[in-house]
Amino acid sequence: MSAAARAAELGVSHVLLEQSAAHANTIQRYQKGKHVMAEPNVLPLRSPLPFAAGVREHILEEWGAGLDRLGVNLRCQSEVTRIEGERGDFKLTLKSGESLRAEHVIFSIGVQGNPRRLGVPGDDLPCVQYTLDDPDDYQGETIVVVGAGDAAIENATALARQNRVFIVNRAEEFARVKDGNLSLVLKAIEDETLGCFYKSSCVAITATTGAEAPYLLTLATPEGDTAVPCHRIIARIGAVPPRKFVESCGIRFPSSDAAALPELSAQYESNVPGLYVIGALGGYPLIKQAMNQGYEVVSHIQGEAVEPADEPLLADKLSKLPGMLSVTETLQRMQQRIPLFADVNPLMFRELILGSAVHCPHEGDVVFRRNDYTNSFYTVLDGSVQIEFGEDGDSRRITLAAGQFFGEGSLLSGRRRSATVYAGAGCVLIESPRRDIVKLMSSVDSVRSVIDRLFIVRAIQSGFAPNTPFEMLEPIADRARLNRYKRDEALFKEGEPGDRLHLVRSGSVAVSRNFGGREVTLSYVAAGNYVGEMGLLGRTLRSATVRAAVPTETVSLDADTFAELMAHNPTLRSEIESVMRKRIVSNAQAQSSDAGGDLISFLMRQGLGEATDVLLIDESLCIGCDNCEQACAATHGGTSRLDRAAGPTFAHVHVPTSCRHCENPHCMKDCPPDAIRRAPNGEVYIQDNCIGCGNCERNCPYGVIHMASTPPPQPSLWASLLFGSEAPPVESTGQGKAPKKAVKCDMCKDQSGGPACVRACPTGAALRVSPAEFVEFVSAGAAER
Amino acid sequence: MHQSILDFERRRYLKIALALCGVSLVAYLWHDPRSPPNGGTWLGYTLGGLGAALILWLTALGVRKRSYTSTLGSLQGWVSAHVYLGLALLLVASLHAGFQFGWNIHTLCYVLMVVVIASGLLGIVLYQRLPQQLSQNRAQQTSDQMLTELQELDERTRRVAANASPDEVLAIEANIAGTRIGGSTVAILSAQDRSTVRLPDGPAEAEANPGQARILEWLSARLSASDDAGRTRTLTDLVSLIGARRALLRRLQQDARLRGWLSIWLYVHVPVTFGLLGSLIAHVVSVFLYW
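As given, the protein sequences belong to chains V and X, one line each in that order. The first sequence lines up with residues 9 to 793 when you count with our numbering. The second sequence lines up with residues 960 to 1250 when you count with our numbering.
The following block holds chain V by itself, in its conformation from the complex (with noise of 0.2 Å):
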């Protein structure tokens, strides 16, 4: 559209095809009332068509106005089904046979895909729809949701609560769904308020003039075809994403890697000149950047030099370097210095650079600690930067000169900085977020297997053999193998002859034994550690099973390896050695408590290894007063971030809902503003910025985020006792006008005094214990029982 509305200002000849029936189409699928926002709030709009934060239907309006108003030259209903030809003389064909020719095409199409159709005759009947934006819209008819995914489950239990509902499955189960959704419609099946036709196909839709209902679904069942009267047809069969088609069109992607974008130019060409892309398609998925981009790449065609909307943020941030080059000619240069960057497309390479900070610290100046929590990667423009390993009478440096980077480990694995770095003499260093640095490893190759290979021996150097040299340890670590486990996976099992050795990069284990056919769990080893070694040094067999607590990834290293890296290093296989011995101690004695194995197994299986810090309750001594939940409501604008009561309980130990602030937390995966961090002593919290899409809430597997909106602030005790204030009324979910945000608990950061749930609780019932103090948790505990 903004780029449509950029031709039609400059008066140049377009259309703007779009494959529905109206404009925007991703937007108008927003449900009702839907908050809009505008991030990033630092990048200036560029386009002829306004965009400010505001409700949906506002936006869409005011988009419709300006189309109007400068004249778009806009055809609805018109998909594009191939696009061939060159540049200056495309030929685009359309789903209706029509075929238009261009000089130029611009893809901003999105990753959304197209709602996959039901394909039968009469799909085009008024009763077809393939979305649901309210469940409680209608009352009281018969409803046919075709399609066995997480939505058609979601909106058909929504539906049977007011509907008669029947959901149809073309295979014989329903196996592509979350947990959650599987037992939610098997139970309603069984309940009888869902009925549901396995292994049945629509085949055709009649409108009739039927007393029951105005429409007729037949199916295909194994028992014969079925006539089904009903109101409407909701199909959820998936949609079809558009990466099929932009490759037809010639453009490539870099790799089959569901999450790979194309490969773009600065000024969003792809490979097939003349063919651009810009939106989401481009790795961009904010609306505010496709606007921008809509803009520049038609004044770009257009033949005028146009300053990308970033370009004054750029220049700012560059200014600390010396020199007077411009933001193009500098960004070249880092990339030019900087071999890991080399590969890296410009457009990338610049919205990483947007992204990060540049810092020219003195020498001596401490870029970062040993323990810190804090996860951003570093590379060296120019100068050196000195890493000291070890404690204070045992640490050794060794220097990183520029074009090289570090900080890759915490950003791995989630788990503190190893080291701790000083600055040299001249150092400058780009600072960039950790999800940056993540999201160009998925999309160029050679950046992560650069990092991935460094880490690796650095890993190793830091763990086993930090005096051997760098290059002596490549040649090891390149026999090194990577391994990544899913959860409860095992690496290794007790009895079977060990060979290797296992650094957990990320994620963490737990370590269990047989014993009369139970499995009792004895310990956990978190990232950052090793196991396995005692099947390297002369014992054969493995003596315990390890398997993943949750997702992890190791880096393996085989018996021949091993020996070559404890030939280099004489003192390592007796620092080994120690480690195996307080481990066989500590599993004997994890061994005799029944109990304790048991709890440490119970809080494993509710993802407890990869917390960072965890709320526990002792039901023992909890009344139930819910003290806890008002004072966190009561420090946090009120909306409470705890969930006491819901939550397991194991042998009087009791984990509420609330955020165990991972080490590598699920929920900063996918979040668009970036807006999930995690601060110096670890808490993971979200900051304001928050759009409120909800990908954290679905992301996270505790389900410790929800969304909600700041309610009234509370009346003051004194207020409510003499006067008898009341807060006024919330107004009921999905029609109040403030938007709603992400919100989850983030250990009181901003408060002195910590946790206020923990302060809060009068009988003493609320602890915050961390992984590492489980097992002394759980010793004291049985200790008392």
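Derived by calculation from the structure, the hints in this document are not laboratory data. Take every hint as true, because none was put in to throw you off.
List of simulated lysine to any residue pairs, SDA-like, C-alpha gap at most 20 Å:
#1 V/K195 with X/E1111
#2 V/K757 with V/E691
#3 V/K195 with X/A1203
#4 V/K195 with X/E1108
#5 X/K1024 with V/P723
#6 V/K195 with X/R1118
#7 V/K748 with V/R37
Fit chain X to the given chain V structure using the hints.
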């Protein structure tokens, strides 16, 4: 790692309270006034002032509990101190009065204080013993989840009953409609089941149905009289469903009972405290007015 309020910081406040009691007792025994010991001697005034200060501070727990941003000690520490110093108050106030009681405002004040302390003592005992039972009874469900389970169980029972005769359908509906969990204060605290059921072939007034006994009796009678295999199966299913319902109701009633006990003592402890504060003011004012 979890400490109860009695064990807090290795019973720090127990030691402080015992020290306070010890000092007061020693002073009282050593002190030999001309008149019988009473609140008007110098020791009497000292103990009285101490007692009044203690009462005010003990009441302040209500404010501290709701000051969620306060870092003045932890709430658990305050509660631990509240318990032990509250018990010590009994001795301090008794020594202050010199054990002189009569039908007057001063003794009223004392009596109200004793009621508050006694209810507090009850509270401690309840807090030590009940949470464990509550947790075990809950068996990993919240009370809302138990109620949802009851609803689902009732739905299933209705569907099964639909296969039986209309009389059974009516009886099941009446059983569900007559279910009572809790009720009056006495009913809650004693976990008495006041459920009733109005059977289709029974008297016009509803009959008592504690623990689903009456409906079970009725169903079993019809089950033994049944000679149709299908009907027998249906009735057997109904009997076992009602059995499950009985167990669930028992848990719900027990849950309500435990929660009732955990809160009822506060309904005495707090209001009487305000009565105590009022009579305390009256006591102090009248003492100095009639100096």
